[in-house]
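**Student:** So the chains spell out like this:
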Amino acid sequence: MIDPAHGGTDSGAHGDTSIEKDVVMQIARSVRGALERQGFRVVLTRNDDSNPFYDDRAGIANVYRDAVFVSLHASSTGATGTVRAYYMQFAAPIVATPVPPSSAPNGVSAKPAPAIALASWQDAQRPYVAASHRLADQLQGEFVQAFSGSPPYSAGVPVRELRSVIVPAVAVEVSSVSATPDQLAALGEPLGNAIGRAVAAFRQGGGAR
Amino acid sequence: MPRGAKIALGLLVLGLIVGLISFRSIQRRVKRLAESQSADEKARHEVLAQPITTASDVTQTARIFWAAGSDRIAPVEVQLPLSANPVERSRQILHELTANPPTPGQRTVPADTIVLGFYILPDGTAIADFSDTLSSETPSGILSEEMAVNSIARTLESNVAGLRRLKILIHGQEVDTLAGNVDLTGFFDLSSAPLPAPQAAVQTTPAAKSTH
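Protein chains in written order, with this note's numbering: chain S, 19 to 227; chain Y, 15 to 226.
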């Protein structure tokens, strides 16, 4: 699942001659071509200048239970030609201090609430964070070789698109939207090849399990 | 030239002159309005973004996280008068972060950002309410937004004890994202130094020992 970020009235980052929503659409089409040549089935969350809401993008991805979700972005900053992979990072829940039985009203023990089977839409990605982190590391390993100057490690960041996706999900951001159109166009094919190699390695390593 | 055509031409020229005069008048009004708004904003910034001083201020070394290159942040040690009150101290620290980066290239938070409010809940949750500028002037992008949020979180964590997590509001409201990418609906983990033990607990120690 390839998700070209932004679209419609949401332009995303602004460069001198280009805007993120157009850049990522162009790159997404190149990435799709490269992945299809490697034998992957690819679905785009948008293929025009529409702007599906974050939750709608997650909804599209969640239909495909064996998929991986890659949201494509172009940054305002960063060294031109570098690429970064991000996985969702949730804040740790604050654990309430249990009330000792002696201090509870009428001596009633304060037992923890039983586990609830329903998953919250707001943090549906939480059970997949470890798998998403592994996928992001695989991707960053490919990016550091294919795109000189890219950082060696992926990073955990609360990226809005990722939080309700129930498959391994990452965001990939290229730097930067201020690059020339030729530089940006040249990124698509090698980016698709790198993503294809990383996803294949991720699946061989057990995928979402 | 027929008389009717002359009248029509005369009316057209007259209309053109009136239009030009009106256009220049509208231009002047728009310019005056823009100048007035800019002056209002400047005055508001000067009032709200005053450095905070309290009676308990002591000059100490603070660690402020500014940009160190295009994709990371690093602490810089500065001498600052800091309050003993954690809320005032947090506001002082955030003022330093937004107002005084060592160089323009080290800026992580837009220059005109103002801390409108700061609260600390008993469970260690810090709530920082920033002006719209934080959202509207931070360049859109995961990297730039992450650096902005991370510089705020790490700077608070390093200088204010007892903070466990951070909630960021924009003009008193919860917003979906900072500038289109980083989720602000949740919390950011902080691992501040623990709060110092209360004075009363320290005083009971010798008495407890004497009973053994």
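For the record, the hints were derived by calculation from the structure and aren't laboratory data. Every value quoted in this text rests on a predicted model; they were computed, and no experiment measured them. The C-beta atom is built at its ideal place from N, Cα and C for all residues, glycine as well. A couple of the hints might just be wrong.
Okay, the calculated beta carbon distance ranges per label pair [claimed, not checked]:
#1 Y:T75 x S:A218: 28 to 38 Å
#2 S:G26 x Y:I31: 12 to 22 Å
#3 S:G174 x Y:S36: 30 to 40 Å
#4 Y:A88 x S:G174: 16 to 26 Å
#5 S:Y171 x Y:S205: 13 to 23 Å
#6 Y:S205 x S:G26: 47 to 57 Å
#7 S:P70 x Y:G176: 38 to 48 Å
**Student:** None of the hints should be skipped; say for each whether it holds.
**Tutor:** Verification of the supplied hints:
1. Y:T75 x S:A218: 28 to 38 Å: violated (50 Å)
2. S:G26 x Y:I31: 12 to 22 Å: The hinted range 12 to 22 Å is violated for G26 of chain S and I31 of chain Y, with Cβ atoms some 43 Å apart.
3. S:G174 x Y:S36: 30 to 40 Å: violated (58 Å)
4. Y:A88 x S:G174: 16 to 26 Å: Given a distance of about 19 Å, which is inside 16 to 26 Å, the answer is holds.
5. S:Y171 x Y:S205: 13 to 23 Å: holds (20 Å)
6. Y:S205 x S:G26: 47 to 57 Å: violated (39 Å)
7. S:P70 x Y:G176: 38 to 48 Å: About 42 Å separates the Cβ atoms of P70 of chain S and G176 of chain Y, which means 38 to 48 Å holds.
Hint compliance for this structure: hints 1, 2, 3 and 6 are not met, and every other hint is.
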